[in-house]
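Trainee: Per this note's numbering, the very first residue in the sequence shown carries number 2; after that it's consecutive.
For the record, the hints were derived by calculation from the structure and aren't laboratory data. A portion of the hints provided could be inaccurate.
No more than 16 Å apart at the CA atoms, straight line, and that leaves these computed lysine to aspartate or glutamate pairs for EDC-like [stated by the list, open to error]:
no.	residue 1	residue 2
1	400	139
2	238	45
3	22	119
4	389	476
5	122	185
6	238	185
7	238	423
8	400	371
9	366	139
10	263	423
11	471	371
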Amino acid sequence: MIEPKNPAGQAIKQTILAKDKFWLTLILLGAVLIRLWYGSFIIDDAYITFRYSRNLVNGLGLVYNPDGRHILGTTTPLLALLLALPNYLGIAPEGASLWLSLFSDSLTISLLYLISRDFLKLPRVGLAAGVLVAFWPDYINYAVSGMETSLYIALLVGMFYLYLRQRYVQAGLVLGLLFLARPDGLIMGAVLFGDYLLKERRLPWRMGLAFLPLPILWFTFATFYYGNPISQSVLAKATYNNDNTPSESFIQLLIFLLQSFKPILTILAALGIFTILRSQNYRGLRLPLVWWSLYCVIFIATGAFHYFPWYYIPLLPFYFLFALIGVVGLSQPLIERLGHPLEVGIRIGGGLLTGGLVWLALANKPTLAESQIGREVLYQEVATRLLKDLPPNEQFATKEIGTLAYFCNCQTYDLAGLVTPEALNRPELPLLQEIRPAFIIVYNNHLRADTLNSAWLKQNYETMEVHPVKLWGQEVLYVFRRRPTT
Numbered sequence: 002m003i004e005p006k007n008p009a010g011q012a013i014k015q016t017i018l019a020k021d022k023f024w025l026t027l028i029l030l031g032a033v034l035i036r037l038w039y040g041s042f043i044i045d046d047a048y049i050t051f052r053y054s055r056n057l058v059n060g061l062g063l064v065y066n067p068d069g070r071h072i073l074g075t076t077t078p079l080l081a082l083l084l085a086l087p088n089y090l091g092i093a094p095e096g097a098s099l100w101l102s103l104f105s106d107s108l109t110i111s112l113l114y115l116i117s118r119d120f121l122k123l124p125r126v127g128l129a130a131g132v133l134v135a136f137w138p139d140y141i142n143y144a145v146s147g148m149e150t151s152l153y154i155a156l157l158v159g160m161f162y163l164y165l166r167q168r169y170v171q172a173g174l175v176l177g178l179l180f181l182a183r184p185d186g187l188i189m190g191a192v193l194f195g196d197y198l199l200k201e202r203r204l205p206w207r208m209g210l211a212f213l214p215l216p217i218l219w220f221t222f223a224t225f226y227y228g229n230p231i232s233q234s235v236l237a238k239a240t241y242n243n244d245n246t247p248s249e250s251f252i253q254l255l256i257f258l259l260q261s262f263k264p265i266l267t268i269l270a271a272l273g274i275f276t277i278l279r280s281q282n283y284r285g286l287r288l289p290l291v292w293w294s295l296y297c298v299i300f301i302a303t304g305a306f307h308y309f310p311w312y313y314i315p316l317l318p319f320y321f322l323f324a325l326i327g328v329v330g331l332s333q334p335l336i337e338r339l340g341h342p343l344e345v346g347i348r349i350g351g352g353l354l355t356g357g358l359v360w361l362a363l364a365n366k367p368t369l370a371e372s373q374i375g376r377e378v379l380y381q382e383v384a385t386r387l388l389k390d391l392p393p394n395e396q397f398a399t400k401e402i403g404t405l406a407y408f409c410n411c412q413t414y415d416l417a418g419l420v421t422p423e424a425l426n427r428p429e430l431p432l433l434q435e436i437r438p439a440f441i442i443v444y445n446n447h448l449r450a451d452t453l454n455s456a457w458l459k460q461n462y463e464t465m466e467v468h469p470v471k472l473w474g475q476e477v478l479y480v481f482r483r484r485p486t487t
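Turn these sequences into a full structure, and let the hints steer you where they fit.
Mentor: Now the structure itself:
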């Protein structure tokens, strides 16, 4: 016998859903507005991908230098290709990347709500996670940085959501995009493939077959075009990471998780993880917990948690969910005991915390702007003033190629080896003696002291400019110009 529907219950459910949609819309609007208010604060590494995209549009191919040499120096070909169309239409990568991040972060916020509503039965947790993504200063910093971070996270969370919905073909397609956004996206793929295999006792053929076409196409193209499907920047960064031991990388992760207000969140996240492992109600978050743990182990083991701070940011969305589950675990017994007054108090407290977070986000903008003065802003000024008219047969050398090369659009020699494989693991002084660039533009801590103080450098180059700056400590940006030959 079919039970009659409860009109009152349906009405209450629709009212709650309408309220949730209202708050979700408000959060999305806040996320968009604050990012537009920030504008673009492009970091140096993002300009590398921008240059690949611009050169593709200008007919040079998917290459870095004007000489057209085929070297793959970006780890995010998906972003380079996505930025090419707006670039072709006259929209600069700086603006296009911001709008892409706006869309990606909005998608992430919406997905966190859907995951919490549909699989945890805690829609308000999803809304709270959305607030944290919308206004957390670290998150905003990389949303406006020009990097692929927001896109990567949206694809990561999107694949997980599709997997939970058992839409395996779509999940596989998203995994293909995720791999092209950042190769470490395969970590989530491995977790979900493994879960399917354990649960179903068979291989996830549909998901696997949907995943394969994009990587196969890219590997085929990259092998023929570059001679190697592995990005040169991956090889170069692996060399840098060799200087950073796993223990140092672990300490850097701890610092990230314990700085600012994160100690409270980290304690709550630990409680949340305990709750997730103990209760079947939250089993939907066990897979993100496995991914989170595996991601940390791999990045600690490879020493990646050091030079490249954007590697921490993908941890945040699920970290927020873990912490919020910790809040639920603490508050539910108290609400059952104390009832409505405590629930009202929690809502008021949540509103006050949201206001405080928005204030922190607003106050963070001047700090972010100041952090770029001694690096990206200075690089842009030097490139525009000194390198703009560099002849095609000349080149300059540096260890941070992004901003300088993007704004001069001239031949660039990368002493770090991201786009110049022959520079990797080469001693600096013999390398400089061999290439004799027109300019050498470096921070004092980017070259060995014996190179900076060498008789050869003083004899063949004049110190054209010295810019004292404060970045990681007290640094100096040197601009050396080659002396005319007599």
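Trainee: Are the hints correct? Go through all of them and say.
Mentor: Structure-based check of all given hints:
1. Taking the CA atoms of residue 400 and residue 139, the gap is about 25 Å. The hint is violated against a cut of 16 Å.
2. About 15 Å separates the Cα atoms of residue 238 and residue 45, which keeps this hinted pair within 16 Å; it holds.
3. A distance of roughly 14 Å separates the Cα atoms of residue 22 and residue 119; the hinted pair therefore holds under the 16 Å criterion.
4. Proximity of residue 389 to residue 476 is assessed by CA-CA distance (about 25 Å); at most 16 Å being required, the pair is judged violated.
5. About 30 Å separates the Cα atoms of residue 122 and residue 185, which puts this hinted pair outside 16 Å; it is violated.
6. For a cut-off of 16 Å, the pair hint linking residue 238 to residue 185 stands: about 14 Å separates their Cα positions.
7. Restraint check: the Cα-Cα separation between residue 238 and residue 423 comes to about 15 Å, which is no more than 16 Å; the hinted pair holds.
8. At roughly 22 Å between alpha-carbon atoms, residue 400 and residue 371 are farther apart than 16 Å, so this suggested pair is violated.
9. Between residue 366 and residue 139 the CA atoms are separated by roughly 11 Å; this keeps the pair inside 16 Å, and the hint holds.
10. Simply put, residue 263 and residue 423 have alpha-carbon atoms about 42 Å apart, too far for the 16 Å limit, and the pair is violated.
11. Taking the CA atoms of residue 471 and residue 371, the gap is near 10 Å; set against the 16 Å cutoff, the hint holds.
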